[in-house]
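Number of protein chains: 2
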Amino acid sequence: MKVNGHFSNLATSYLFTEVARRQREYTAAHPDAETIRLSIGDVTRPLVPAVIDAMTKAVAEMGKAETFRGYGDEQGYGFLRDAIVKYYAGKGVELAPDEIFISDGAKSDVGNILNIFSTDNIVAVPDPVYPVYVDTNIMDGRKVLLLDANAENGFLPMPGEEHVDIIYICSPNNPTGAVYNREQLTAWVDYALAHDAVILFDAAYEAFINDPALPTSIYQIPGAEKCAIELCSLSKTAGFTGTRCGYTIVPKALVKDGASLNAMWLRRQTTKFNGVPYIVQRGAEAVFTPEGMAQCKENIAHYRENAKVMGAAFDKLGISYCGGVHSPYIWLHCPDGMTSWEYFDVLLEQYHIVGTPGSGFGKNGEGYLRLTAFNTAENTKKAMERLTK
Amino acid sequence: MKVNGHFSNLATSYLFTEVARRQREYTAAHPDAETIRLSIGDVTRPLVPAVIDAMTKAVAEMGKAETFRGYGDEQGYGFLRDAIVKYYAGKGVELAPDEIFISDGAKSDVGNILNIFSTDNIVAVPDPVYPVYVDTNIMDGRKVLLLDANAENGFLPMPGEEHVDIIYICSPNNPTGAVYNREQLTAWVDYALAHDAVILFDAAYEAFINDPALPTSIYQIPGAEKCAIELCSLSKTAGFTGTRCGYTIVPKALVKDGASLNAMWLRRQTTKFNGVPYIVQRGAEAVFTPEGMAQCKENIAHYRENAKVMGAAFDKLGISYCGGVHSPYIWLHCPDGMTSWEYFDVLLEQYHIVGTPGSGFGKNGEGYLRLTAFNTAENTKKAMERLTK
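Taken in sequence, the protein lines are chains A and B.
Going by this note's numbering, the first residue of the first sequence is number 1195, and it counts up by one from there.
Going by this note's numbering, the first residue of the second sequence is number 1195, and it counts up by one from there.
Simulated from the structure, these hints should not be mistaken for lab results.
Accuracy of the hints is not assured; some may be wrong.
Because identical chains cannot be distinguished in the list, a pair is counted as satisfied if it fits within a single copy or across any two copies.
Stated by the list, open to error - Below, in silico cross-link-like pairs of lysine-lysine (PhoX-like), each with a Cα-Cα straight-line distance of 25 Å or less:
1. Lys1446 <-> Lys1557
2. Lys1196 <-> Lys1337
3. Lys1510 <-> Lys1576
4. Lys1446 <-> Lys1583
5. Lys1557 <-> Lys1491
6. Lys1196 <-> Lys1450
7. Lys1557 <-> Lys1420
8. Lys1491 <-> Lys1258
9. Lys1575 <-> Lys1258
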């Protein structure tokens, strides 16, 4: 009996544990400090009424023999896939329902999609980055090439000469909040087509994009249907972090190494997955109704307003940052040459504000700190007043 | 770019497609035949009131800021893990909450658990069997050894001399309905301990066991905590096939190849999974209350009564079978030397009853046919009257 030896190559991340420990100790020592957490990577506003109504109705259906639902298709119900087809049509992207796979969230799919690729492939991942991209590849023993994302390239690395087989793109980016424009994504699609590579496009934050000129889907770039898989989630779009629903798009035109990746992913999902709860799929369907969309947009506008308040404060302070416009994340350049942890301590001890040290997201994150717009308007304003007064 | 080449070694199963096609064509040709499906592998009774009440309340909580829940722990909420600890205490099994991992169902975990094992391991799988055990190993390129389950061994293969690293046991079994007794499971645990192997024990049908002398958990066998992982589901226990909740138990005493399998599975789940919906976990918690348990047992008693009616009919007909006592499945030996498909056609054409040909579950399934107890009492009785009159 041998275990998967690649697991021993995983780095243990103490980032969030250490953030929590310092916060806890500070709060214990200063019980009156009224600490404000701008480190939260989770939504705080409740599910919108359209979603609640749909799920309440669905729960009642499950309690009656005539309307009870057992196993659904692993790929999701037609009503939800059709709703997503229409949502993409609104972006100018034409999809077929069987190119959409409903899942319990983008994190699961980011991990599981690698099952269809050879472990010999070379993978390109930006640094700093959402740690799941790197860890899932290490678990499989794939070679990971880090792409430098830094102030010089606006935290948006562009293709080089070196050959890679799989490319991770997260736009709007976690943790930097940077967003690729159409020309930049076109360069990546052209690279992928030339190198016979596949782009894994993480669109989890697409609903925060506020400029029609910026792509919200990789399929708005010609040729992407031949080289890209798009992973998306309702976690940030509709506050589904604890409700769990996402989707992955694998175009039928995506054929690599003589195989249809759509057929392979279908086989993976029908073998190792059994679909998303009916109740949750009805809730997700409601997100895409005109009423649900309007309500979700109100929540996003609330978070975006918080980001604006934060941006204005750092502008006033002369502290440079990335993100915060088409993203719930503000990526601060720590002032006075401080390291990530040094600035973390200053914010906590002098202003009672908790952030997330950028160094936890990769070597290029050193000297940066991430704040999020997910707290309440009141707390966000209060935190910024402490900093600017 | 290379895809995972192991996928091309998967056999394409046309079983359920072919069953559906023949049924559809027969029904179209004979619209008045009133065909009864005893092929259903899915529950038909609605969720019990205790579960509906809990989920209705949880949906309402998600709509209010004060009670809204975002990300929970990937491993599940404490309230549900504690409920499962108590459920196992009732079986005489002592577990710690952090040995229990809540998931979206046993099928996902059966597929995903292999991530922690080397692809060099040799795997033993009974034949006939739930096809997912074999397919998930083929996807990883592991060598699969089939264990003959047949009339001679009561469809319960026992350990041989040959060394294997991973052993699949499903008891009560899908598709045969056979159940291992304490002595038989002890022999498997002893084998696993002697061979440094891991048993993957699929307990999805444990709630159908109706004899306190038969084990409902592998951990009722001494030493199993050092060699076994148990996968379970609320799909058949509480009708959660479309609601999606299961759990996997990885004891902390389970150390192989110098590694804690509990720690490895925790790392796998925290990296590639984001937990089960809060609403569903509240529903699952309600299953384990005295009220919920009593209501779920009523449903199981209903299915068990169907199985009894079916068993009595085949006894009368002198057709031998396995299962149907501690299982919703009846595994018929096709009469008159018929093949699985020949008997399928006889049942469909002469009696308007749909079954599932045993040959679809492996080579030892040839000459057998699976019926299930998941239809209504009325339809089940009607079908059996057609056969016996």
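Starting from the hint list further up, note which numbers the structure goes against and sort them upward.
-> 1, 4, 5 and 7
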